[in-house]
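Enquirer: Protein sequence lines correspond, in order, to chains A and V. Residue 1 is where the first sequence starts when you use the working numbering, and the numbers rise one by one after that. Residue 1001 is where the second sequence starts when you use the working numbering, and the numbers rise one by one after that.
Hints may be right or wrong, so weigh each one.
[As the list claims (entries may be wrong)] Keeping only pairs whose Cα atoms sit at most 20 Å apart, straight-line, the calculated SDA-like set for lysine to any residue is:
1) V:Lys1341 with A:Phe146
2) V:Lys1341 with A:Gln149
3) V:Lys1341 with A:Ser270
4) V:Lys1233 with A:Leu293
5) V:Lys1341 with A:Leu293
6) A:Lys244 with A:Ala329
7) V:Lys1233 with A:Gly296
8) A:Lys244 with A:Gly219
9) V:Lys1341 with A:Gly302
10) V:Lys1135 with A:Lys244
11) V:Lys1135 with V:Arg1382
12) V:Lys1233 with A:Gly219
13) V:Lys1341 with V:Trp1113
14) V:Lys1341 with A:Ala329
15) V:Lys1341 with V:Ala1131
16) V:Lys1135 with V:Leu1125
17) V:Lys1233 with A:Ser299
18) V:Lys1135 with V:Arg1104
Rather than coming from a laboratory, the hints here were simulated on the basis of the structure.
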Amino acid sequence: MVSTQVGSGISEPDRPVPRRLYTARGFGDRVFRIQLTATGVVVLAIMAAVGLFLLLRAGQALHARGFAFLTTAAWQPDVHNFGISAVLTGTLLIALVAVAISVPLAVGTALFISDVAPRGLRRTLVSMVDLMAAVPSVVYGLWGLFFLQQHVIGLSRWLSDWFGWIPLFAVDGVKPGDPLASDSVYTASTFVAGIVVALMVAPIQCSVMREVFSQAPAGEREGAYALGATRWGMIRSVVLPYGKGGIIGGTMLGLGRALGETIAVYLIISPVFTIQPHILQTGSNSVSSLIALHYGDSSEFGMSALMAAGLALFLLTLAVNFTASSVAARSRSGAQS
Amino acid sequence: MTVVAMEKAEPTSVGGDVPGDSGGSGAPETVQVPETPRRIGGVGRSAVLSLAGAATSALCVTILLFGELAPFSGMLGFTVTAYLVFLAVYAVLTGFEENGQAVRDRVMTVVLWTAATLLFVALTLVVGFTAWRGKQALPHGNFFTQDMQAAGPLDPLTNGGIAHAMIGTLIMIAIALSITVPLGLACAVYLNQIPGRFSRFVRTIVEAMTALPSIVAGLMVYAVWILGLGMQKSGLAAGFAISVMMLPIVIRASDVVLRLVPGTLTEAAEALGAPRWRTVWHVVLPTARSGLATAVILGTARGIGETSPVLLTAGFTAALNADPTAGPMVSLPLAVFNFVKSPQPEMIARGFGAAAVLMTMVLVLFVIARVIGGRGPGHQTRRQARRTARASRRDVTRFDELHTSASASGLSLFEDASTPQPHGTAAAPAPAPASGEND
């Protein structure tokens, strides 16, 4: 076989035929491959089962409500009047507040660790950020409930006094600048929950971003310095463009976590079932805390409705994640983040 | 390319540099004052002075504003105003002796310091607050040895504890680990070792599932195990829910670690004729051992702290239940959650105590992960290096013995024996490949 190929290669020098490579796998290797593929299939099946069983269980409720499931604000499944427009709005608002607060902090801290911090401090800071990312969410919830709540009222009041003309920051029933306004209208709001979730997701975002920033090519950094750039000039012209994918990917990862956060949000907010666009005002809701609130006292149909809400949350986070990974994969820093 | 923005930048004044030296070769060979390298990092005297000046003036301006001129009040407003004034004054002070680029650099450096300080202070506050509030309950020994069965809501802290929650947490995480470790590691090996369209698909799905909301994992197990199969809420169901949540995390982290195993090592193993499974078992997995341990431990730390999957699937009990297959079981985060929902200060103190215990568990796991996985793949501790060296010495002597015995019995292990043997070594080369399969 080989000799004939060599022969033809001599007679027709412009058409070399590559030798076909093949592997003869032994019995052990075949078993090994089959086993590994089987685990892959099992993992895939588990992951698919999450969506599948939610869909299966949610079918009844979705069938009963149809499109109104997305537009109704109330949650009274036993009289077939329920929908996720209020909780979905709440979820999105909490996540947006969280991301708006956490992203500047996370980007700043990641840049600080990768480029500014004294060298001896960097490893400690990296460990600290990673440790913070592992702190249980219930701990953040406790902190928000017992510590942050009282201390944030001043800020909420100030924001609503000065920026109350923006609908987002308006608070019903309080005149701007009224010093006698009750504190209680500012507690248990989307804003407080958002701050807590922001602190929870900031370490996760920060560690993703730092990983990417520290991989910015040393040659380009030195090139920027050699052209006379200051450190900030170098960061702006080398590190930030290189790490754009990491920033977006980290932000989306944090957004995904923020959308799904249950316990911290549940502990802080006081649930309402109307669309509440005023983030500083008491009362808010989220899909996950709705589930945590009602799973115990639901009828079979109510459970189906909760499954439908869970399915909506699941699809939302899945969409966010896919966007994140495709953005990160297309950027220069690649998908390793 | 990306440094176009720097074109406008004037060369920053560099102390000790020779301005006329840009021609390069024309420098005379006389001994000059040795060039001092330009300082890139570090803080100079003028920087310290302008920082201090800016801080002082910011403080004074803010006190003036708050006390005398404007009707401002509040601690937060004071801090924010002082900070903004500080930035402005610092920019002006730096502007006296530097150009615009350098001023921007200085100001942004301060801003980055602020962002990092803010985040770390906030996070320390979160952890410190919980630990501080937890100290009320933690000194009581019974807090670790009793359950809450005999303790009413009004009982003092000397009665009742969280033993049931601690044991529950350990059981649940053990169940979750016994599922996720074999399945997760095998799947990570699959993603790395058997490339193809299907494994790429599995990887995409797993990556998308890393941020699966934990309550959805709980809902899924609730739908399958409790509604579908009609089982009751139990520790086993909670373990399943935690596994569903942990599995993508462990797979993704191990996948990243396995990708870092140097290709030269696996190629060396293949070149020696090892089948793929032996390469994986003897080369890839041992090389990545520390990283894999880290992946599993960090996944465990996440799994231990999750409340919502347990909330849906484990039920709640005040009594100790060590049987995961029957009856409700409680975990630490769930216990915290239930304690702090009560209005009683004792119950809240118990909640903080349990949270502190939970945090300590996570911290211990994390430290273990750092100690094990601080090194990259292939980097060994001194003891591991000694063990490897011993093993290869053993191999050398074993080969020598094999060799001598083989040549004594007239067989050669290798086709051309390096040591010249006086009598018929070329007797039988045929058995050589068969004996090569031995190890």
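Enquirer: Tell me the hint numbers this structure goes against, listed in increasing order.
Expert: Hints 9, 10, 11, 12, 13, 14 and 18 contradicted; others consistent.
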